[in-house]
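Peer 1: Below, each chain spelled out in residue letters.
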Amino acid sequence: MTSMSTKRITGPEIEKLIQLLAKVPGLGPRSARRAALHMIKKKNQLMAPLAAALSEAAEKVTVCSVCGNADTVDPCSICTDPRRDGATLIVVEDVADLWALERAGAMNAKYHVLGGTLSPLDGVGPDDLNIRSLVDRVGAEGTSELILAVNATVEGQTTAHYITDQLGDTGVRVTRLAHGVPVGGELDYLDEGTLSAALRSRTSF
Amino acid sequence: MEWHDHGIIIGTRRHGETSLILEVMTERRGRHLGLVRGGRSRKLQPLLQPGNAVDLTWRARLEEHLGTYQVEPVALSAARLMDHSSGVYGIQLLGSHLRLLPERDRHSELYRAMEVVIEHLCEPQIAGPLMVRFELRLLEELGFGLDLSSCAGTGVRNDLVYVSPKTGRAVSRLAGEPWKDKLLALPPFLAGQPSVTPDRETMEAGFRLTTYFLHRHVYDPRGAKEPDERTGFVSAVLRAMDAGEETVA
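Quick mapping for you: the protein sequence lines, in order, are chains A and B.
Residue 61 in numbering that gives the first Met the number 0 sits at position 62 of the first sequence; the count goes up by one each step and never skips.
Residue 15 in numbering that gives the first Met the number 0 sits at position 16 of the second sequence; the count goes up by one each step and never skips.
Take the hints with a grain of salt, since some may be wrong.
Stated by the list, open to error - Residues from chain B that face chain A, not an exhaustive set, calculated with beta carbons under 8 Å:
1) Glu22
2) Pro49
3) Pro226
Calculated directly from the structure, the hints in this document are not laboratory data.
Predicted model, so just to flag it, every value in this text is computed and none were measured.
Note that the Cβ used here is the ideal one computed from N, Cα and C, for glycine as well.
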């Protein structure tokens, strides 16, 4: 009888490092192996500072009790920033969307992170998202405009309509992001739905 | 294994970083799932939205495998649906309803009914009665069809205004008079007058009728609760009716 056991080429510590790195989005087992090897080669310049940074972040990172953002302080840096316009609230699905909007730097508003979208297929209902806290926040903070910056998917827009329904009596102005032609986009390559939405949302030139 | 069919997308689920699992109501093979490689790409994501009609090629080594889909667009309705609350709630509700059926079980009539409902989902006053009819058809496909053709007591075929909650059969005004408090109202658009535009009261009666039988035969025995998107859809339809009535007044 022959055994198919694989030969071990590194110690268990390095194997564990590779296995954990392979769980990072964008990395597979092969690229995780390359990343681990790179860190081993740059032990003092990269591996040790990275380990310290990871340890510190793991110890301090928390979810903001006001908006749901990830930060090392609670309330988060955005919620406590006095230069931000507290009357405008941008609602996003995820922290990644918040970071994307901050990179764009188009608005100096505060945010609210829902933590996902309503998804019957995945069993995500209103109670699984930060919708109740959003409604309470709008009432408590005297928000004048709520911008729904959710994805242009059916699930994202269902969530947007649900939030609008929940805010029915508050009198807050609810707006949403425009759907249309992306910068650098060629009309010939756009789907019919996006083109129709772009035509419906056309503006004076 | 390989087949080709038409279908309407009713749901998607992420699979890994680049692919997704597509849930489609097909014309000849019922509700069927399959993997779309690269389905989360910028090119494919607008196409793979619930409500869009597509041509499908499904391939797998064995029939019981999940298999992979190759998808070609036919009619992209998702962007239109997203603009209206009755549209987004409606397409999500249709998906929830179809998930009550077993996978890969042919329901061609429901498929055709779904095509009609989707076409009118952004017109709440038409979508409401169509959804009620769809729910009655769904109950029928699940084996709990209502008989609204003649009176359960007298056999007459006109002046049917009630439904018996026990038997699911229509009851005429005369025969139901003594028990009218215990009977469910049968809206005219389900009683042989499909062209009658429902008002708010008859629309509510229509939803109340299907709500009762969906709970009795489907949700309660399965220990499931009514989906939130149904509440959203009903509210959107009734709200639109109120707004319409105010405009007319």
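Peer 1: Pro226(B) was flagged as interface toward chain A. Is the shortest Cβ-Cβ separation under 8 Å?
Peer 2: holds (6 Å)
Peer 1: Given Glu22(B) was flagged as interface, is its beta-carbon under 8 Å from a beta-carbon of chain A?
Peer 2: Hint on Glu22(B): holds, closest Cβ of chain A at ~7 Å, below 8 Å.
Peer 1: Hint validation: Pro49(B) versus chain A, beta carbon distance must be below 8 Å. Holds or violated?
Peer 2: holds (5 Å)
Figure legend: structure checked against the earlier numbered hints; every hint is met.
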